[in-house]
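Undergrad: With the numbering used here applied, the sequence shown covers 19 to 143.
Just so you know, the hints here were simulated from the structure itself, not pulled from any lab data. Watch out, some of these pointers could steer you wrong.
What the hints assert, rightly or not - Below, a list of computed lysine to any residue pairs in the SDA-like style, where the Cα atoms sit at most 25 Å apart: (1) K41 - E132; (2) K41 - F108; (3) K41 - E127.
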Amino acid sequence: MEALFVALIGLFFAAAIYLMLSKFTIRILIGIVLLGNAVNLLLFTTGRVTREVPPIIPDGATSLSAVAANPLPQALILTAIVISFSFFAFLLVLTYRAFEELGTDSTDEMRLAEPRDEKLPPMGY
């Protein structure tokens, strides 16, 4: 089961990096979402993937048994999901506003700070 998760995590990381290298902001946004999901799956896999043993400490014991899944990464994932969703919502609104204002989602055409017709600033001293 972990091998399948590792392959899926690798696929998510590869697709995320490919999409984030694009010049279109929507693809970059989808790449960021995939990267967040890849990190969440990576955290989930580090906590051990088991269904048979619940992560409950029995009476008289002081620690979790060795075969149980670690609940700490699962708690971290819940926090990471909330943070990544809020980050995605912020980037989506930012992308939409940039599209409304500039009329394009290509980063090559978003050249307000560096207009093409103006002379370049001095490059040396």
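Undergrad: A separate judgement is required for each hint: does it hold in the structure or not?
TA: Tested hints:
no.	hint	verdict
1	K41 - E132	holds (16 Å)
2	K41 - F108	holds (19 Å)
3	K41 - E127	holds (10 Å)
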